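Quick note, the sequences are listed as chains A and B, same order. Following the working numbering, the numbering of the first sequence begins with 1 at its first residue and continues without gaps. Following the working numbering, the numbering of the second sequence begins with 1 at its first residue and continues without gaps.
Rather than coming from a laboratory, the hints here were simulated on the basis of the structure. Values in this document were obtained by computation on a predicted structure and should not be read as measured data. For each residue, glycine too, the CB sits at the ideal point set by N, CA and C. Among the clues, some could well be false.
To be verified - With beta-carbon atoms standing in for the labels, derived distance ranges: (1) B/76 with A/14: 17 to 25 angstroms; (2) B/20 with A/3: 24 to 32 angstroms; (3) B/15 with A/80: 45 to 53 angstroms.
Unchecked claim - Where chain B lies over chain A, by a calculated footprint (3+ residues, C-beta under 8 angstroms): (4) 16 to 30; (5) 54 to 64; (6) 68 to 80.
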Amino acid sequence: ETGVTQSPTHLIKTRGQQVTLRCSSQSGHNTVSWYQQALGQGPQFIFQYYREEENGRGNFPPRFSGLQFPNYSSELNVNALELDDSALYLCASGLVAGPRAGELFFGEGSRLTVL
Amino acid sequence: EDQVTQSPEALRLQEGESSSLNCSYTVSGLRGLFWYRQDPGKGPEFLFTLYSAGEEKEKERLKATLTKKESFLHITAPKPEDSATYLCAVLVYGGSQGNLIFGKGTKLSVKP
């Protein structure tokens, strides 16, 4: 059983640029969520995808967007980067129903630095 | 507004010195409470899920308990390898299953 994998692990961008982060879900999981974690803070929910559609969104602007593919892999896209977007971006997969619904398994994250 | 508060922010223990971490929550309807461990620069690692008041879960030196307003993570005879940030999160009714509301965490340091 493979876990959640994310790429790239680290990247540096400049303000105004665009970034794409990628995630492969744990096998057997059908939903993927993305979180932003600033230094010293808990993760904050960006959005969730299920059946290739957005299935819930946190308090993040539209320049944060995503995709889920038929193989349950996922992308997070951020346009017009701002300095405050510097953070660890976490991908998490899980099941949308059943006794373990809500239990999320996280990847190692992508550390984004915006200069 | 749904909210999770963890205390203390940081805790230093000597090896073998047992203690507890607190997670208090104010939510509209609790669907589940989750504990995670996070090592520096890594993603959170799932530890426990608790669903109803009175429930307890154990794993090695860790024991999680739940009341109607808070959860405790008890650490018995900790070892240096238990050093990490422990995160508490809640899932509420009415939200998507992937929307966990996290606290800021408790950073635990265990000295040999």
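Okay, the hints, checked on the actual structure:
| no. | hint | result |
| --- | --- | --- |
| 1 | B/76 with A/14: 17 to 25 angstroms | 49 angstroms, violated |
| 2 | B/20 with A/3: 24 to 32 angstroms | 30 angstroms, holds |
| 3 | B/15 with A/80: 45 to 53 angstroms | 49 angstroms, holds |
| 4 | 16 to 30 | violated (count 0) |
| 5 | 54 to 64 | holds (count 3) |
| 6 | 68 to 80 | violated (count 0) |
Hint violations for this structure: numbers 1, 4 and 6, all remaining hints satisfied.
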